[in-house]
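Engineer: The primary structure of each chain is shown beneath.
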Amino acid sequence: MKGPKTTAGRWTVFAAAGLALLLVAAIAFAVGGVSLSIPDLLSGEGPAGERARLLAALRWPRVVLAALVGGCLALAGAALQALLKNPLADPFLLGTSGGAAAGAACAALLGASPLVSPAAAFLGAAGASVGVAALARRGGRLDLQRLLLAGLVANAFFSALLLAAFSIASGEAARTMLFWMMGSLSDASPGRDAVLLPYALAGAGFLAAMAPRLNLFAVGEENAAALGVDVERSKVTVFLAASLLTGAAVAFAGVIGFVGLLVPHGVRLLVGNDQRALLPLSALAGAALLVAADAVARAAVAPAELPIGAITAAIGAPVFAWLLLRNP
Amino acid sequence: MRRLFLFLHLLVWSALLCGCRAERQTSGDSTPGPALGPRRIVTLAPNLTEIVFALGAGDRLVGVSEYSDYPEAARAIPRVGGLEVDPERVAALSPELVLAIAEGSGRGAVGSLQAAGVPVVVVPSGSLDAVLEAIRIVGQRLGREAESQALVEELSRKRAAVRARAAASRRPRALLLVWPDPPQAAGAGTFLDDVLHEAGGDNVVAQRRGWPLLSKEYLATADVDVLVVPDSAETRPAYERAFSTGPLSRGPIAGARVVRLDEAALTRPGPRVFDMLERLSQALR
Numbered sequence: 001m002k003g004p005k006t007t008a009g010r011w012t013v014f015a016a017a018g019l020a021l022l023l024v025a026a027i028a029f030a031v032g033g034v035s036l037s038i039p040d041l042l043s044g045e046g047p048a049g050e051r052a053r054l055l056a057a058l059r060w061p062r063v064v065l066a067a068l069v070g071g072c073l074a075l076a077g078a079a080l081q082a083l084l085k086n087p088l089a090d091p092f093l094l095g096t097s098g099g100a101a102a103g104a105a106c107a108a109l110l111g112a113s114p115l116v117s118p119a120a121a122f123l124g125a126a127g128a129s130v131g132v133a134a135l136a137r138r139g140g141r142l143d144l145q146r147l148l149l150a151g152l153v154a155n156a157f158f159s160a161l162l163l164a165a166f167s168i169a170s171g172e173a174a175r176t177m178l179f180w181m182m183g184s185l186s187d188a189s190p191g192r193d194a195v196l197l198p199y200a201l202a203g204a205g206f207l208a209a210m211a212p213r214l215n216l217f218a219v220g221e222e223n224a225a226a227l228g229v230d231v232e233r234s235k236v237t238v239f240l241a242a243s244l245l246t247g248a249a250v251a252f253a254g255v256i257g258f259v260g261l262l263v264p265h266g267v268r269l270l271v272g273n274d275q276r277a278l279l280p281l282s283a284l285a286g287a288a289l290l291v292a293a294d295a296v297a298r299a300a301v302a303p304a305e306l307p308i309g310a311i312t313a314a315i316g317a318p319v320f321a322w323l324l325l326r327n328p
Numbered sequence: 001m002r003r004l005f006l007f008l009h010l011l012v013w014s015a016l017l018c019g020c021r022a023e024r025q026t027s028g029d030s031t032p033g034p035a036l037g038p039r040r041i042v043t044l045a046p047n048l049t050e051i052v053f054a055l056g057a058g059d060r061l062v063g064v065s066e067y068s069d070y071p072e073a074a075r076a077i078p079r080v081g082g083l084e085v086d087p088e089r090v091a092a093l094s095p096e097l098v099l100a101i102a103e104g105s106g107r108g109a110v111g112s113l114q115a116a117g118v119p120v121v122v123v124p125s126g127s128l129d130a131v132l133e134a135i136r137i138v139g140q141r142l143g144r145e146a147e148s149q150a151l152v153e154e155l156s157r158k159r160a161a162v163r164a165r166a167a168a169s170r171r172p173r174a175l176l177l178v179w180p181d182p183p184q185a186a187g188a189g190t191f192l193d194d195v196l197h198e199a200g201g202d203n204v205v206a207q208r209r210g211w212p213l214l215s216k217e218y219l220a221t222a223d224v225d226v227l228v229v230p231d232s233a234e235t236r237p238a239y240e241r242a243f244s245t246g247p248l249s250r251g252p253i254a255g256a257r258v259v260r261l262d263e264a265a266l267t268r269p270g271p272r273v274f275d276m277l278e279r280l281s282q283a284l285r
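Chains A and B are the protein sequences, given in the same order. 1 is the number of the first residue of the first sequence in this note's numbering; add one for each residue after it. 1 is the number of the first residue of the second sequence in this note's numbering; add one for each residue after it.
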């Protein structure tokens, strides 16, 4: 097994990854479609200082949102990959994100408060996960081919649902649907970051507690059971935690694909398959990836913005193809 | 023959005056003269409905597009679909003429209707010039040349006064937002850019074509004198939120002068846009 073997070694790697994330966030904060002068921000007076402070007030919540959403998606992907023992698992490909978007969109259509939209998205995500897992089960185990097919069907179903809602919704509601479908970080605010944070921490906490059991899963469910792991309960917990993370991310940023696929893979190449290192590092790397992708989205076509999902898909789809070729 | 024609003419007119719609006459000799034009008309866009009414031929409309809500009488006419026009519903109305615009609604239906042998006229709609051209074309097809000529002259007079005013004064930096959040503006090449420019404004997003979605950072720091906002029951709550807590609440944009214009009158390439042009021109001074 690659990667750090000792607890102290792991923490050193985490600290380094955390610093790297901070560095990426600082760079992302400094770039954008409108240039932000750091000297003006720190000591500017008059209109120049006001302008810089206004830009900063708009930009930092967005960087934080990108980090939280990226972390949630990557963590959910890593957990699903460990649980299903399948490197192609990803909340987007398995239909979990689509279910979350449909749940959040339904809540929005019914006029629910934005505070409950993560909960609605979680219900949608959990429903989608359970449905896909049930479809993919064959003789008591999850079949790889059936899993991807079931994810495909779930995605098609949920995007059809969203499209139908989009065509009957009018004006504002229709634009909300478009937001869920396309994915966007442009609605960031300190308040929304603050609502997302506890959902993210809860999901991450559950998964952190499950990491050692996920390691045992890697050597086979029978062996894990023999070692005293309550396999079915562990599976359900991980599934629900991944759904919670996906739901929270989708509720605040819409459907953003491939982060959950891409990031755990890259991290696994570096540190191997020890979930105690893989999960936290995936969260940090996912945060850094989405923060960087969002900086590109903001800066590339100013004064407009690129949809963030287009950037992650542009990186993610070729990587997925490469993975398929490598894992016949 | 001439007497028969005169008789039919009177018959049709009396039917129209009674408020009934003239029914289709099928007998060979009774084909209407060119001055009368088609009597069963379907429009596939609300601006076309407004043009037909403005030419005094609203009573010949047997079907209109979903959003045809002006003038009031248009509301009672059967609908043939909104963004997606149902060609079968159009055909079921046995139209003698279908009017469509080249952009947007009904594009798919136009092909199927033409293939089925229904006469369809597609008129331009992308600019103020196009609106005048559309009025001329519709007037000609409806046998209402005199009315269309008078309307075009009246609208052109309004336009000339606006142009003269725009040429004589400084152009304020203006932004027309078609939606506040996510903020979407009228960029170069759009109908609304044409309206904004002709009214005397300097469109600050003229370097972008189409309908660019603007970033909140750009909007918060943009140097804008006048913000033009389409106003309707549907857009009002969204703009109010944007002005109080959303992307229009902070930075220089929050201090820009706001001009609210009726959404339908402003955004539809019909006769009413020239009134909006006048209003905008006065507000921009």
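There could be a bad hint or two in this list.
[As the list claims (entries may be wrong)] A short list of chain A residues far from chain B (calculated; beta carbon distances all over 10 Å):
#, residue
1, Thr7
2, Glu45
3, Ala164
4, Ser186
5, Leu227
6, Ala310
7, Ala321
[As the list claims (entries may be wrong)] Quick partial rundown of chain A residues pointing at chain B, CB under 7 Å, derived from the structure:
#, residue
8, Gly32
9, Gly33
10, Val34
11, Ile38
12, Arg51
13, Leu55
14, Leu58
15, Pro303
16, Ala304
17, Glu305
[Unchecked claim] Over the 10 Å line for every Cβ pair with chain B, so calculated as not near, a few chain A residues:
#, residue
18, Leu54
19, Ala57
20, Ala302
Hint data in this document are derived by calculation from the structure and do not stem from the laboratory. From a predicted model like this one, the values you see are computed outputs, not experimental measurements. Glycine included, each C-beta is placed from N, C-alpha and C at the ideal position.
Engineer: With d taken as the least Cβ-Cβ distance between A/Thr7 and chain B, does d exceed 10 Å?
Structural biologist: 43 Å, holds
Engineer: So, as I understand it, the hint says A/Ile38 touches chain B; can you test that by seeing if any CB pair is closer than 7 Å?
Structural biologist: The hint is violated - A/Ile38 has no Cβ within 7 Å of chain B, the shortest such distance being about 15 Å.
Engineer: Next item in the hint list is A/Pro303. Is there a CB on chain B closer than 7 Å to its CB?
Structural biologist: 4 Å, holds
Engineer: Hey, does the A/Leu58 contact hint survive, CB to chain B under 7 Å?
Structural biologist: Because about 5 Å separates A/Leu58 from the closest Cβ in chain B, which is inside the 7 Å limit, the hint holds.
Engineer: Return the status of the interface hint for A/Arg51: holds when the least beta-carbon distance to chain B is below 7 Å, violated otherwise.
Structural biologist: 6 Å, holds
Engineer: Would you check whether A/Val34 satisfies its interface hint, that is, whether its CB is within less than 7 Å of any CB in chain B?
Structural biologist: 4 Å, holds
Engineer: Per the stated criterion, does the least C-beta distance between A/Leu227 and chain B lie above 10 Å, as a non-interface residue requires?
Structural biologist: 52 Å, holds
Engineer: Quick check for students: does the CB of A/Ala321 sit more than 10 Å from each CB in chain B?
Structural biologist: 30 Å, holds
Engineer: Hint check: is the beta carbon of A/Gly32 less than 7 Å from a beta carbon of chain B?
Structural biologist: 6 Å, holds
Engineer: Grab the minimum beta-carbon distance between A/Glu45 and chain B and tell me whether it stays above 10 Å.
Structural biologist: 17 Å, holds
Engineer: Is the Cβ of A/Ala57 more than 10 Å away from each Cβ in chain B?
Structural biologist: At roughly 8 Å from the nearest Cβ of chain B, A/Ala57 sits no farther out than 10 Å, so the non-interface label is violated.
Engineer: Should the label of A/Ala164 as a non-interface residue stand, given a Cβ cut-off of 10 Å to chain B?
Structural biologist: 13 Å, holds
Of the numbered hints listed earlier, those contradicted by the structure are 4, 11, 18, 19, 20.
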